[in-house]
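Protein sequence lines correspond, in order, to chains A and Z. Take the first sequence: its position 369, counted from the start at 1, is 420 in this note's numbering, and no numbers get skipped. Take the second sequence: its position 311, counted from the start at 1, is 353 in this note's numbering, and no numbers get skipped.
To be clear, the hints were calculated from the coordinates, so they are not data collected in a lab. For glycine and all other residues, C-beta sits at the position ideal for the given N, C-alpha and C. Fair warning: there could be bad hints in the mix.
Computed cross-link-like contacts, PhoX-like style, restricted to lysine-lysine with a CA-CA straight-line distance of at most 20 Å [said to hold, decoys possible]: (1) A:487 x A:271; (2) Z:232 x Z:154; (3) A:271 x A:98; (4) A:487 x Z:151; (5) Z:151 x A:111; (6) A:111 x Z:154; (7) A:110 x A:271; (8) Z:291 x Z:232.
What the simulated footprint calls covered on chain A by chain Z, stretch by stretch (three residues with Cβ under 8 Å from a Cβ of chain Z suffice, anywhere in the stretch; the number is not a length) [unchecked claim]: (9) 116-125; (10) 153-161; (11) 170-179; (12) 281-295; (13) 440-450; (14) 473-482.
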Amino acid sequence: MTAEVSAEVLARIQFAFTVSFHIIFPAFSIGLASYLAVLNGAWLWTKDGRYLSLFNYWKKIFAVAFGMGVVSGIVMSYQFGTNWSVFSDKAGPVVGPMMAYEVLTAFFLEAGFLGIMLFGRQRVGDGLHMLATFMVAFGTLISATWILAVNSWMHTPAGFSIAENGQFVPEDWWQIVFNPSFPYRLVHMVLAAYLTTALVVGGASAWQLLRTPGHPVSKKSLSMAMWMLVIVAPIQIFAGDQHGLNTLEHQPAKIAAMEGHFESHEGGVPLVLFAIPDQENQELDYALEIPHLGSLILTHSWEGQIPALSEFPIEDQPPVWIVFWSFRVMVALGFAFLGLGLWGLWARWRGWLYHDPWLLRASVALGPTGFVAVLAGWITTEVGRQPWTVYGLLRTSDSHSPLDLPALTTSLIGFVVVYFFVFGAGTFYLLRMMRKAPDTPRLGLRDGPIRTAGIMPGPAQPRDQRSD
Amino acid sequence: MFGLELSFIWAGIIAFAVLVYVILDGFDLGVGILFPLAKTEQDRDVMMNSVAPIWDGNETWLVLGGGGLFAVFPLAYAVVMPALYVPIILMLLALIFRGVAFEYRWRTKRWKRLWDFAFFGGSLVAAFSQGMALGGLVQGIEVVNRGYAGGWWDWLSPFSLLTGLAVTTGYALLGATWLVMKLEGDIHDKMRRIAQPLGLATLVFLGLVSIFTPLQDEVYFQRWFSGGSLAFVVVVPVLVLLCAAGLWKGLRGGGDHLPFFSALGFFVLGFIGIGISFYPMIVPPSLTIVEAAAPDSSLGFALVGTVILIPIILAYTAYAYWVFRGKIDPSEGYH
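Could you put together the complete structure from these sequences and hints?
Set out below in structure tokens:
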């Protein structure tokens, strides 16, 4: 292995490692920020104390997750320069302004209003506090929009020319931002964030209900999470299918790898349920297939053909094994989420949503798997892009920094040690926070029955439930 | 011609973002550096709560500085980041520890001291790394064929160690004067006492860096000691002395706000000094602002939004500071 290859490999491992950690936190905080805005709004609208309890409870969890997202995100923003300087020089004129807009329109908004959302209810009053909560949620969505525009452009580049010095020169920003795969990726990612959060909220609520049966606040959050799941999971499956069709159009080699489709099949493409891809010999071992179903899903016809991997030079093929399996993990989990949502719906109809121990246990078990699905989906799409950083135009092997190997090795070790320690501790704190049920709302004077009965309350009653 | 102007406008905006970062995150890193000086649990709580609602916004200017450089001077970004690899990575790792400490230290009893230490250590290492990165940039970066051409320890020199110490000391001064402004009682008095030697040390470091900077590069020397810039050579030190007088007066009982703003003056003036040295380079001695600039289509697109958004950001940032104005109430906090 030459030094050149090793530097690339180390830079790739480092990027994959840091971005895998990073993607987990936004996936959670995008969904949770919207959830908090809904809870805060519901509290202001209904004055139902359960919403305020939930807001104060998930707010603290959000703060920890958001903190981890911020610090891991700062690493990402600098890593383009430290480890991928050739990419930065060449693609910077296109990618850079979009990321600058992410900072200007999203990060400042989140950071500016986060303090008010966490600390400021008493200082600014309910209305402005609601505005701050909304701004934080809005900021997370704007952030997702820009970063997915960047990411999508790297998959389906559009709206540029290439200068003599090798730089990509923006020609049409409309085409760059709204590049062909952007809408599909954005929808798929935001829905994934909402699903992930619904699973975590549902899992934590189910755990609390197993330990404290009938807890009114946990019942509320379980109910909300289950509604979210049953509504979003089918939409996500549909959106994923549309995204797949878009990928087939623009990155056929990725689809072929996802399907394990080495050779074209006479009469129609099967759907491979299980197989061991053997990229060296360009074949699938131990394949368990359903005939024609691949054609049906991807081309909506019985005998439709899709490009096979054999049509691409082997040096232009993505690593098949990884893409093939990560895709299957993501899809299987997606259907599991749908199943849980439908189970919840049925249990709700039968009236045992809050007490069916098996449903609650299944919710707990699936609680963290949204993250697994997000990671699997991310691996599918990003590994499927290889061997390119800008698809078809700039190779990964031509993108990394001219760095000495010891520098990359040391920094990689540093990141691995620090991330496992810091984010391990954070995960531990999050789990411990979620294990404990939210406070049961005390009936305050404002909404309680005491006042309506015209009886003076006893001494030292809290004015209301504002405990933050 | 228009393109030329765009790149200079952008150089000004990036410089502004970095300056705002230095003066905003400077004081909250300084609070972290001073953390071990607090002897009681409550003192540490109020020190941290004095910056907890705003530190995240402050640090975002660092992302804007880096992201802005990437957007409009991608070649400079691609050269500087590998050249300053070690201090940048050290800074990032340090900021991780420091950033999570804000939440973690409230989530554990047994490990609270660990996260206290992470807050202090992270702030210290981040400040020192930023100072060393500055020194590494000032002493020059070698560029061949659109890429960094040196080794991964080239940035390390007596000069970069000096700038590392200078920035760390300066941040500590900012932190101390911020706490003078935001706290009350014993810890307030203690910070007032500590700010005096810190102010003196910052002044000494400012002098040392000013003496050694022109010796790093022939161009700097010419710039500072010939022709038109001579006016600045006289004006900047006079203004520094004015700030020093303000700091002294404030710390001797002339109000709780004066020391902080005098200390900020040191940083603004030091920053202007570096700007005078650099211009029109962006990566001395190899790359000029024009050479490193992205195509006009990038500069223009990014500029439209930036010009509109920066005033809005400054407005709501100011509002957030306004919401949390005044002395810290020890009983407040959401944890």
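Comparing the hints with the structure gives:
The suggested pairing of residue 487 (chain A) with residue 271 (chain A) holds, with an alpha-carbon distance near 15 Å, which does not exceed 20 Å. Distance hint between residue 232 (chain Z) and residue 154 (chain Z) is unfulfilled; the C-alpha atoms sit about 23 Å from each other, more than 20 Å. A C-alpha spacing of about 14 Å is found between residue 271 (chain A) and residue 98 (chain A), which places the hinted pair at or below 20 Å, so the restraint holds. A distance of roughly 17 Å separates the Cα atoms of residue 487 (chain A) and residue 151 (chain Z); the hinted pair therefore holds under the 20 Å criterion.
A distance of roughly 17 Å separates the Cα atoms of residue 151 (chain Z) and residue 111 (chain A); the hinted pair therefore holds under the 20 Å criterion. Taking the CA atoms of residue 111 (chain A) and residue 154 (chain Z), the gap is about 17 Å. The hint holds against a cut of 20 Å. Of the supplied pair hints, the one linking residue 110 (chain A) and residue 271 (chain A) holds, its CA atoms being roughly 16 Å apart against a limit of 20 Å. For the suggested pair residue 291 (chain Z) and residue 232 (chain Z), the alpha carbons sit about 17 Å apart, so the restraint of at most 20 Å is met.
Against chain Z, the segment 116-125 of chain A contributes 7 residues with a C-beta closer than 8 Å to a partner C-beta. That satisfies the three-residue criterion, and the hint holds. As drawn, the segment 153-161 of chain A meets chain Z at 8 residues by the rule of a beta-carbon pair under 8 Å; at three or more, the given contact holds. For the segment 170-179 of chain A, the proposed coverage by chain Z is satisfied: 4 residues have a C-beta within less than 8 Å of a C-beta in that chain, meeting the threshold of three. Coverage of the segment 281-295 of chain A by chain Z is violated [criterion: at least 3 residues with CB-CB distance below 8 Å; count 0].
With 0 residues having a Cβ less than 8 Å from any Cβ of chain Z, the segment 440-450 of chain A misses the three-residue criterion, and the hint is violated. Coverage of a stretch by a chain is defined here by at least three residues with a beta carbon nearer than 8 Å to that chain's beta carbons; for the segment 473-482 of chain A and chain Z the count is 4, and the condition holds.
Figure legend: structure checked against the earlier numbered hints; hints not met, in rising order: 2, 12 and 13.
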